[in-house]
Amino acid sequence: MNINKTAEMLLTADAPPIRVLWISCKNVLSQDFDRPKMLEAFKKPEIIVSVEQFFTQTVELSDIVLPVTTLFEEYTINASYWHYWLSVNEQAIKPMYEAKSNIEIAAALSARMNKLKPGSCTFPTEVDPRQWMIREFNQDIYDLFGIDSWEDLKNGPAKAKMHPASWHDLEFGTPSKKYEFRPDLCAEHGHQALPEFKEARKPYDKLRLLTPHTKFGIHSQFINIDWMAEFNKKPYCYLHPGAARERGISDGDQVRVFNKVGEVELEVKLTENVPADVVMMYEAWFKNNSYNCQSVVDDTSSDMGKYKTGAPGVAIHDQFADVAKV
Amino acid sequence: MACKNQYHQENGVIWRDVYELKEEIYPHRERAFYSLACNHCENPTCLNVCPVVAYYKRDADGVVVHEQDKCIGCGNCIRSCPYGAPRYNPVLKRAEKCSFCWQRLDDGRKPACVLGCPTDALQIVDLAEFDEANAVQYPAGFPRYPALNPSVSFRLPAMPKMIRRKL
Chain A
4 MNINKTAEML LTADAPPIRV LWISCKNVLS QDFDRPKMLE AFKKPEIIVS
54 VEQFFTQTVE LSDIVLPVTT LFEEYTINAS YWHYWLSVNE QAIKPMYEAK
104 SNIEIAAALS ARMNKLKPGS CTFPTEVDPR QWMIREFNQD IYDLFGIDSW
154 EDLKNGPAKA KMHPASWHDL EFGTPSKKYE FRPDLCAEHG HQALPEFKEA
204 RKPYDKLRLL TPHTKFGIHS QFINIDWMAE FNKKPYCYLH PGAARERGIS
254 DGDQVRVFNK VGEVELEVKL TENVPADVVM MYEAWFKNNS YNCQSVVDDT
304 SSDMGKYKTG APGVAIHDQF ADVAKV
Chain B
611 MACKNQYHQE NGVIWRDVYE LKEEIYPHRE RAFYSLACNH CENPTCLNVC
661 PVVAYYKRDA DGVVVHEQDK CIGCGNCIRS CPYGAPRYNP VLKRAEKCSF
711 CWQRLDDGRK PACVLGCPTD ALQIVDLAEF DEANAVQYPA GFPRYPALNP
761 SVSFRLPAMP KMIRRKL
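Taken in sequence, the protein lines are chains A and B.
Residue numbering for the first sequence follows the numbering used here, beginning at 4 and increasing consecutively.
Residue numbering for the second sequence follows the numbering used here, beginning at 611 and increasing consecutively.
Simulated from the structure, these hints should not be mistaken for lab results.
All values derive from a computational prediction rather than experimental measurement.
Heads up, some of the hints might be wrong.
[Stated by the list, open to error] Here are the simulated DSS-like pairs of lysine-lysine, each with C-alpha atoms no more than 27 Å apart in a straight line:
{"hint": "1", "chain 1": "A", "residue 1": "Lys-218", "chain 2": "A", "residue 2": "Lys-236"}
{"hint": "2", "chain 1": "B", "residue 1": "Lys-667", "chain 2": "B", "residue 2": "Lys-680"}
{"hint": "3", "chain 1": "A", "residue 1": "Lys-162", "chain 2": "A", "residue 2": "Lys-47"}
{"hint": "4", "chain 1": "A", "residue 1": "Lys-290", "chain 2": "A", "residue 2": "Lys-237"}
{"hint": "5", "chain 1": "A", "residue 1": "Lys-162", "chain 2": "B", "residue 2": "Lys-720"}
{"hint": "6", "chain 1": "A", "residue 1": "Lys-328", "chain 2": "A", "residue 2": "Lys-272"}
{"hint": "7", "chain 1": "B", "residue 1": "Lys-667", "chain 2": "A", "residue 2": "Lys-237"}
{"hint": "8", "chain 1": "A", "residue 1": "Lys-263", "chain 2": "A", "residue 2": "Lys-201"}
{"hint": "9", "chain 1": "A", "residue 1": "Lys-272", "chain 2": "B", "residue 2": "Lys-667"}
{"hint": "10", "chain 1": "A", "residue 1": "Lys-201", "chain 2": "A", "residue 2": "Lys-309"}
{"hint": "11", "chain 1": "A", "residue 1": "Lys-180", "chain 2": "A", "residue 2": "Lys-311"}
{"hint": "12", "chain 1": "B", "residue 1": "Lys-720", "chain 2": "A", "residue 2": "Lys-218"}
{"hint": "13", "chain 1": "A", "residue 1": "Lys-328", "chain 2": "B", "residue 2": "Lys-632"}
{"hint": "14", "chain 1": "A", "residue 1": "Lys-120", "chain 2": "A", "residue 2": "Lys-103"}
{"hint": "15", "chain 1": "A", "residue 1": "Lys-236", "chain 2": "B", "residue 2": "Lys-632"}
{"hint": "16", "chain 1": "A", "residue 1": "Lys-118", "chain 2": "A", "residue 2": "Lys-103"}
{"hint": "17", "chain 1": "A", "residue 1": "Lys-272", "chain 2": "A", "residue 2": "Lys-162"}
{"hint": "18", "chain 1": "A", "residue 1": "Lys-29", "chain 2": "A", "residue 2": "Lys-180"}
{"hint": "19", "chain 1": "A", "residue 1": "Lys-201", "chain 2": "A", "residue 2": "Lys-29"}
{"hint": "20", "chain 1": "B", "residue 1": "Lys-680", "chain 2": "A", "residue 2": "Lys-157"}
{"hint": "21", "chain 1": "A", "residue 1": "Lys-218", "chain 2": "B", "residue 2": "Lys-771"}
{"hint": "22", "chain 1": "B", "residue 1": "Lys-771", "chain 2": "B", "residue 2": "Lys-632"}
{"hint": "23", "chain 1": "A", "residue 1": "Lys-205", "chain 2": "A", "residue 2": "Lys-118"}
{"hint": "24", "chain 1": "A", "residue 1": "Lys-328", "chain 2": "A", "residue 2": "Lys-209"}
{"hint": "25", "chain 1": "B", "residue 1": "Lys-667", "chain 2": "B", "residue 2": "Lys-632"}
{"hint": "26", "chain 1": "A", "residue 1": "Lys-263", "chain 2": "A", "residue 2": "Lys-46"}
{"hint": "27", "chain 1": "B", "residue 1": "Lys-771", "chain 2": "A", "residue 2": "Lys-272"}
{"hint": "28", "chain 1": "B", "residue 1": "Lys-703", "chain 2": "A", "residue 2": "Lys-236"}
{"hint": "29", "chain 1": "A", "residue 1": "Lys-290", "chain 2": "A", "residue 2": "Lys-209"}
{"hint": "30", "chain 1": "A", "residue 1": "Lys-309", "chain 2": "A", "residue 2": "Lys-237"}
{"hint": "31", "chain 1": "B", "residue 1": "Lys-632", "chain 2": "A", "residue 2": "Lys-218"}
{"hint": "32", "chain 1": "A", "residue 1": "Lys-218", "chain 2": "A", "residue 2": "Lys-237"}
{"hint": "33", "chain 1": "A", "residue 1": "Lys-29", "chain 2": "A", "residue 2": "Lys-46"}
Whenever a hint applies, use it, and build me the whole structure from the sequences.
Shown next as structure tokens:
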């Protein structure tokens, strides 16, 4: 399945159709592209289960919600992209109320499935989260991070022994180890081996719509937390004064940002920080606020991404919309 | 947010906040800010107006400390501080303000805000020795109260060079 077209896949998969949707580690209704289509898609499965910490927009539309542990309540390993650090997350408190860790939930589900139909799930039926975490390590990982045991991480995070820059050893990460002007890898994955001009996506509305990350959160996380919301209370869109003048919009007006996908309503800030043909608003999930930039972002695929992630990316820089005063 | 993360003040009670510079001062919106809290003035008005001596100024480093357990919540300090540093805690019904993390200082550590600032825009300096040509006590937009003598110094933002296509 193309993970960047979740809604489309839910609606169109037919061999077999998707009857159960089990959501974990993801806030689909906030994060996935084309939210109006996702709202339709969520009507299709016979049952939707979400495993969550917060009452998210996804939880609102789920049939069953399983409370999952926070980082304070579980043992786990933190390894992020965008940096080379590895750290151990030690359990600080026992899980509150009925919360279970993701893998405990998976094991309980496996146990149930195997009871109903023996052999139907190969996931272990009983796991100890701490032991499970320890099993994530092996000698290669120890070598990569220069540690002897996972317990070394209790003294602090370890950094992978990898150079951050390409070509630091005068070799590229290509099959030939050289800069490839005509990469076979490219041709093998359906691209032209040599660069060629491709027409950009045709604008389908008056302004280019940008929905970048905010400094106040990571995707839909953290922005909803009370004490962080003190500094970032609600969403805004940013519009050039010239574009605003043409539309009779003043600073601080309530506006609609709309296109063929859908619309959102929010307050506008006028600034020359954005070009005159752009409207910008941050990706976010605010507590008690229905704002969602994916209501105006469609799921059209970009031309690359399949080789690295298994599915093409989404053309999030080629989205278009218009703005009007409410 | 480092301050809020350190102390988890009641909702709505903010010791240190970040204020966007108006476009008359800096030409781009949301691109230059003042991070402001208590200025630990040489002559603190909060201390002077407090009827129960809930404030004291430390000799060694000049930090103005509010002892909340002595506070009766009269609001004198909140009304008199022109910088708006003391805030009202609606749960305890008492005032509170930036402590300069004096407990952390005494332990040889930096205040949470200084530690948390990703651009090193906040630093502790010894004003008796701090001498920098580009630093001022009262930058544009920051209220001037010489009688209080706020213990702060601001490095002025460099004006950006505007390179822009004609639209």
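Hint check:
1. A:Lys-218 <-> A:Lys-236: holds, 13 Å
2. B:Lys-667 <-> B:Lys-680: holds, 15 Å
3. A:Lys-162 <-> A:Lys-47: Distance of about 45 Å is beyond 27 Å: violated.
4. A:Lys-290 <-> A:Lys-237: Judged against 27 Å, a Cα distance of about 9 Å means the pair holds.
5. A:Lys-162 <-> B:Lys-720: Satisfied, since the Cα-Cα distance of roughly 25 Å is no more than 27 Å.
6. A:Lys-328 <-> A:Lys-272: The hint holds at about 12 Å.
7. B:Lys-667 <-> A:Lys-237: Outside the cut-off at roughly 38 Å; violated.
8. A:Lys-263 <-> A:Lys-201: holds, 24 Å
9. A:Lys-272 <-> B:Lys-667: Violated - the C-alpha atoms of Lys-667 of chain B and Lys-272 of chain A are around 42 Å apart, more than 27 Å.
10. A:Lys-201 <-> A:Lys-309: Distance ~18 Å between Lys-201 of chain A and Lys-309 of chain A Cα, so the pair holds.
11. A:Lys-180 <-> A:Lys-311: holds, 18 Å
12. B:Lys-720 <-> A:Lys-218: Holds. Lys-720 of chain B to Lys-218 of chain A sits at ~23 Å (cutoff 27 Å).
13. A:Lys-328 <-> B:Lys-632: holds, 24 Å
14. A:Lys-120 <-> A:Lys-103: Measuring from Cα to Cα gives roughly 24 Å; hence the hint holds.
15. A:Lys-236 <-> B:Lys-632: holds, 20 Å
16. A:Lys-118 <-> A:Lys-103: Measuring from Cα to Cα gives roughly 20 Å; hence the hint holds.
17. A:Lys-272 <-> A:Lys-162: Violated, at about 41 Å.
18. A:Lys-29 <-> A:Lys-180: violated, 37 Å
19. A:Lys-201 <-> A:Lys-29: Judged against 27 Å, a Cα distance of about 34 Å means the pair is violated.
20. B:Lys-680 <-> A:Lys-157: Violated. Lys-680 of chain B to Lys-157 of chain A sits at ~41 Å, over the 27 Å cutoff.
21. A:Lys-218 <-> B:Lys-771: holds, 24 Å
22. B:Lys-771 <-> B:Lys-632: Between Lys-771 of chain B and Lys-632 of chain B the Cα gap is close to 18 Å, so the pair holds against 27 Å.
23. A:Lys-205 <-> A:Lys-118: violated, 54 Å
24. A:Lys-328 <-> A:Lys-209: Holds, because 15 Å separates the two Cα atoms, which is no more than 27 Å.
25. B:Lys-667 <-> B:Lys-632: violated, 33 Å
26. A:Lys-263 <-> A:Lys-46: holds, 21 Å
27. B:Lys-771 <-> A:Lys-272: Roughly 23 Å between the alpha carbons, so the hint for Lys-771 of chain B and Lys-272 of chain A holds.
28. B:Lys-703 <-> A:Lys-236: holds, 25 Å
29. A:Lys-290 <-> A:Lys-209: violated, 31 Å
30. A:Lys-309 <-> A:Lys-237: violated, 35 Å
31. B:Lys-632 <-> A:Lys-218: holds, 20 Å
32. A:Lys-218 <-> A:Lys-237: holds, 14 Å
33. A:Lys-29 <-> A:Lys-46: holds, 18 Å
Taken one by one, the earlier hints fail for this structure at numbers 3, 7, 9, 17, 18, 19, 20, 23, 25, 29 and 30, listed in ascending order.
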